[in-house]
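Generate the whole structure from the sequences, applying the supplied hints.
Protein sequences appear in the order of chains H, X, W and E. For what it's worth, my numbering labels the leading residue of the first sequence as 1, then goes sequentially. For what it's worth, my numbering labels the leading residue of the second sequence as 1, then goes sequentially. For what it's worth, my numbering labels the leading residue of the third sequence as 1, then goes sequentially. For what it's worth, my numbering labels the leading residue of the fourth sequence as 1, then goes sequentially.
Hints are not guaranteed to be accurate.
Here are the simulated BS3-like cross-link-like pairs (lysine-lysine), alpha carbons at most 30 Å apart as the crow flies [what the hints assert, rightly or not]:
id, chain 1, residue 1, chain 2, residue 2
1, E, K55, E, K307
2, E, K324, E, K307
3, E, K87, E, K97
4, X, K33, E, K87
5, E, K83, X, K33
6, E, K55, E, K87
7, E, K342, E, K324
8, E, K342, E, K189
9, E, K307, E, K83
10, X, K32, E, K83
11, X, K32, E, K87
12, E, K97, X, K33
13, E, K83, X, K112
14, E, K97, H, K26
15, E, K55, E, K83
16, E, K97, X, K32
17, E, K83, E, K97
18, E, K324, E, K189
Restraint-style ranges between C-beta atoms, simulated for each label pair [as the list claims (entries may be wrong)]:
id, chain 1, residue 1, chain 2, residue 2, range
19, E, Y365, H, R89, 46 to 56 Å
20, X, I104, E, S2, 27 to 37 Å
21, E, A22, W, A118, 17 to 27 Å
Here are some, though not all, of the chain X residues that point toward chain E, as calculated from beta-carbon distances under 7 Å [said to hold, decoys possible]:
id, residue
22, I25
23, L29
24, F78
25, L115
None of these hints come from the bench; they were simulated from the model. Note that CB positions come from ideal geometry on N, CA and C, so glycine has one too.
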Amino acid sequence: MIPLSWYLIFAAALFSIGLFGVLSRKNAVAILMGVELMLNAVNVNLLAFWRYLAPENMAGQVFAVIVFAVAASEVAVGLALVISVYRRRQSVQADEINLLKY
Amino acid sequence: MLQDWLFIGLMVVIAPIFPVAALIIPQLLAPKKPNPLKSQTYECGIETVGDTWVQFKAQYYNFALVFLVFDVEIVFLFPWAVALNQLPLYGVLVGILFIEVLVIGLVYAWRKGILEWF
Amino acid sequence: MIYPLQVVFILVSAVTLGAALMVVTTRNMVRAALWLVLALFGVAILFVLLEAGFFAVAQVIIYIGAIAILMIFAVMLTRRIAQDPGPQLNSTWPIAAVIALLVFGLIVFLVQVWDRAASLPPPLPQGFAPLQELGVALVSADRYLIPFEIASVLLLAALIGAIVVAWERK
Amino acid sequence: MSDPVTFVAKWLEAYLSGLGLASGWIAVIMAALGVIALGSAVLLLDILLVWVERKVVARFQDRLGPNRLGPFGLFQPIADVLKLLLKEDIIPQGADKFVYNLAPILALATVIMLWAVIPISATVAGSEINVGALYIVAVGALGTLSIIMAGWASNNKYALLGAFRMVAQMISYEVPMVIAILIPVILAKSMALTDIVESQTVWYIVLAPIAAIVFLIGAQAELGRAPFDLSEAESEIVAGYHIEYSGMKFGLFYAGELLHALTFGGLFATFFLGGWRGWGAETYPILGIGYFLIKSMFMYWVIMWIKYSFPRVRIDQMLNFCWKFLTPLILTVLSITAILDKLMSGLPYWAYVLGMLLSNLVILYFVYQAVGRYARRERQRVADPEKFRVNFPVKSTASPSHLP
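What follows is the structure, given as C-alpha cells:
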C-alpha cells in the first residue's frame with residue numbers, strides 16, 4: 001500500500017511548481033494556470049487526509065467539493081479580468097499592468 | 001472498489017492503441033512524397049492570407065463561462081440525486097434551492113444579453 | 001497487489017509533475033494549456049488511487065472539460081499572447097524558484113517529522129457508500145448545508161462578476 | 001450455453017490459475033483481455049456502420065447506395081478502409097505536428113472508452129464503477145478537447161473556426177444533456193449504469209419522456225449532426241475542424257463520429273429503454289446482448305432519420321434553442337421529478353409511474369403551447385423586423401460583429 005507521506009510530498013511538489021509559476025510567469029493566463037496547479041495540490045492533500053485519517057468523516061470530501069467551486073469561480077473571474085485588461089491595454093503581461101503601482 | 005477501476009485504467013491505456021495501430025500501417029504502406037506546394041493550407045481555392053490566429057468573437061467566451069458555472073453546479077447535484085432516498089423532504093427542497101440559485105444566474109445572463117449571438 | 005499500486009503511483013506522479021513543470025515553462029500558451037490538461041488528468045488518476053472515484057470524474061469534467069476549455073478560449077480571444085516574443089519569465093524568477101524550493105523543503109521537513117505520515121489507509125467500513133454519505137452530508141443542516149449553499153452563491157457571484165467585468169460599458 | 005461470455009471468461013480464469021499465477025495478476029490479465037475484446041468488437045461494428053450509414057442515407061434520399069462490391073455492397077467499407085490505409089499522409093505546413101497527430105487518436109479512443117461502463121447483458125459489463133453516469137460525461141469532455149486540438153493544430157482558419165463552433169455547441173448542449181442524465185439517476189438512486197438498467201422494470205422513457213427527448217436532442221448536437229451540423233457546414237467553412245486531415249487520420253475522425261452515434265444510441269437504450277432488458281434476458285443473458293444491440297441500432301437509425309430530415313439551423317438559433325428553451329425546461333423537469341419522487345415514495349409502483357408520466361405530460365402540454373406562441377411571434381418578427389427590434393444593453397460594447 002502507498003503510505004500517506006507519498007501523497008503529501010507529491011502535493012508539496014505540485015504546490016511548489018504552481019507557486020513558481022505564479023511568481024515568475026509574465027503572462028496573466030499562465031499565472032492563473034499556476035493557481036490551478038496549487039488548488040489541485042490542495043485537493044490531493046484533502047482527499048489523502050480523508051482516506052488515511054478519517055474515512056467516516058466526510059469533511060475532507062466536502063472541502064474538496066468547495067475547492068472545486070472556488071477553482072471554477074477563480075478562473076471565471078480571473079479570465080474575465082484578463083480579457084477586460086486586454087481590451088483596454090492590448091496586453092496581458094502582468095508586469096505591464098502597473099497603473100496602480102505609482 | 002479499485003477492482004472496478006482496473007478495467008477503466010486498462011481501457012485508458014489500451015483504447016489509444018487501436019487508432020495508433022491504424023496510423024502506423026499507412027506509414028509503412030502509403031507513398032510518401034511531401035512537397036511544399038502539397039502541404040499548403042487549404043483555403044477555398046486561394047492562397048491563405050495573413051495569420052491563422054485571427055481574433056475570435058468574444059461570444060464564444062460568454063458561453064464557455066456560463067457553461068463552466070452550470071457544469072460545476074450540476075456535478076455537485078449528482079451525489080444529492082444518489083442520496084435522495086435517505087433524505088427528508090427538507091433535504092430535497094434544499095437541493096432544489098441550489099438549482100434555483102443556478103436559475104438566477106441563467107436569468108441574469110439572459111437579461112444582460114450574454115446569451116445573444118450577434 | 002501491494003507492489004504494482006506503488007509503481008502506478010510513481011509513474012503517474014512523475015508524469016504529472018513533469019507536465020506541471022512544462023505548464024510553468026512553455027512559451028506557447030495553448031501548449032501550456034494542453035500540458036495543464038495532462039497534469040490535471042494525472043491528479044484525477046491519483047484520486048482513483050485514493051478511492052475517491054467521484055472526485056476523479058468530477059476533476060475531468062470540471063477541470064479538463066470546462067476550465068481548460070475556458071482557458072484556451074481566453075488565449076484565443078487575447079491572441080497576441082500565444083506568440084509573445086521575449087522571455088516568458090520575469091526578471092525575478094530566481095527568487096521565485098528559491099521561494100518555491102523553500103516551501104517544498106519546509107513541507108517535506110514537516111512530513112518527515114510528523115509521526116502519522118507513514119500511516120497506511122484503513123479499510124473502508126463494510127457497506128460504506130461514500131457517494132451517498134457525501135450527498136447526505138452536503139444537504140444536512142447540522143453538517144455541511146451552509147458551505148454547500150454558499151458554494152452555489154459563490155458560483156452565482158462569479159458568473160455575475162465575470163459578466164460585469166468583461167462586458168462593462170465603456 | 002445460455003451465457004457464452006461468462007462461460008469463456010470462467011474457462012480462461014480457470015486456465016490461468018492452473019498456470020499458477022497470483023490472483024491479482026489474473027484479474028489484470030482478464031481485464032486486459034476484456035478491454036481488447038470489447039474494443040475489437042466495437043471497431044468491427046464500426047466498419048459495418050460505414051455500410052449501414054451509407055445504405056440508410058441512400059434509402060432516405062431514394063437512392064440505392066453502395067451495391068457493387070459483394071452482396072448488397074457489403075464489402076464497400078473494406079474497400080474504403082484499404083483505400084484510407086494506402087493514402088499519403090499529408091501534414092499541412094505550420095501545423096503543430098504532435099498535437100495534430102494526437103487529436104484523431106484521442107477522438108476515436110474516447111469513443112471506445114465510453115463502452116467501458118455500458119452493460120451489454122445481464123452478466124456482461126466492462127466495469128461497474130459507482131459513478132458510471134458521470135464517467136460518460138467526463139469522457140465526453142475529453143472528446144471536446146480532441147476537437148479543439150485538431151482545430152488549433154491544423155494551422156487553418158476554417159479548421160479553427162469549425163472547432164470553435166463545434167466546441168461552443170458541444171459545451172452548450174452538454175448542460176441540458178447532463179441534467180437529462182441526472183433524471184434517470186434520480187429515478188434509480190444510483191449512478192452505476194448496471195443499477196440503472198436493473199431498476200428499469202418499467203422503461204424510464206415512460207417515467208421521464210421529456211428527459212429522453214432532451215437527451216436525444218443533446219446527443220444530436222454533441223454528434224454535430226444535422227440539424228446541428230454547423231461545425232462542418234460545407235457551404236460556409238468547408239469541412240470544419242478536420243478540414244486539413246486526410247487519409248487514415250481523417251478516417252479516424254470519421255470512424256469516431258459513426259461509432260459515437262451508435263454509442264449515443266446505446267446510451268439512450270441504457271438510460272431510457274431498459275438496456276439489455278427484455279423477455280427472458282435474465283435467464284438467457286445471450287438474449288440480452290441481442291436486445292441491447294437491437295435497441296441501440298434502432299436509436300442509431302432514429303439519429304440518422306433526424307439527421308437526413310432536417311435542414312441546418314443558424315448558430316444563434318442553435319444557441320438560443322439550448323440556453324433559452326432546453327435548459328430552463330429540463331431544470332423545471334428536474335425540480336418536479338425530485339419533489340414528486342420524494343412525495344410519492346410511499347405509493348405502489350404503478351401509481352408512482354403514473355404520477356411521473358402525468359407530470360411530464362402536463363409539462364409537455366404547456367411547452368407545446370409556449371413553443372407555438374413563440375413560433376407565431378417569430379414569424380411576425382421576421383416578416384416585419386422594425387416593429388419587434390430589441391436592443392440589448394451590451395450590444396454597443398461587444399466586439400465588432402465582423403469577427404468570425
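Practice task
State the violated hints by number, sorted upward, taking the hints as numbered earlier in the document.
Solution key: 13, 20
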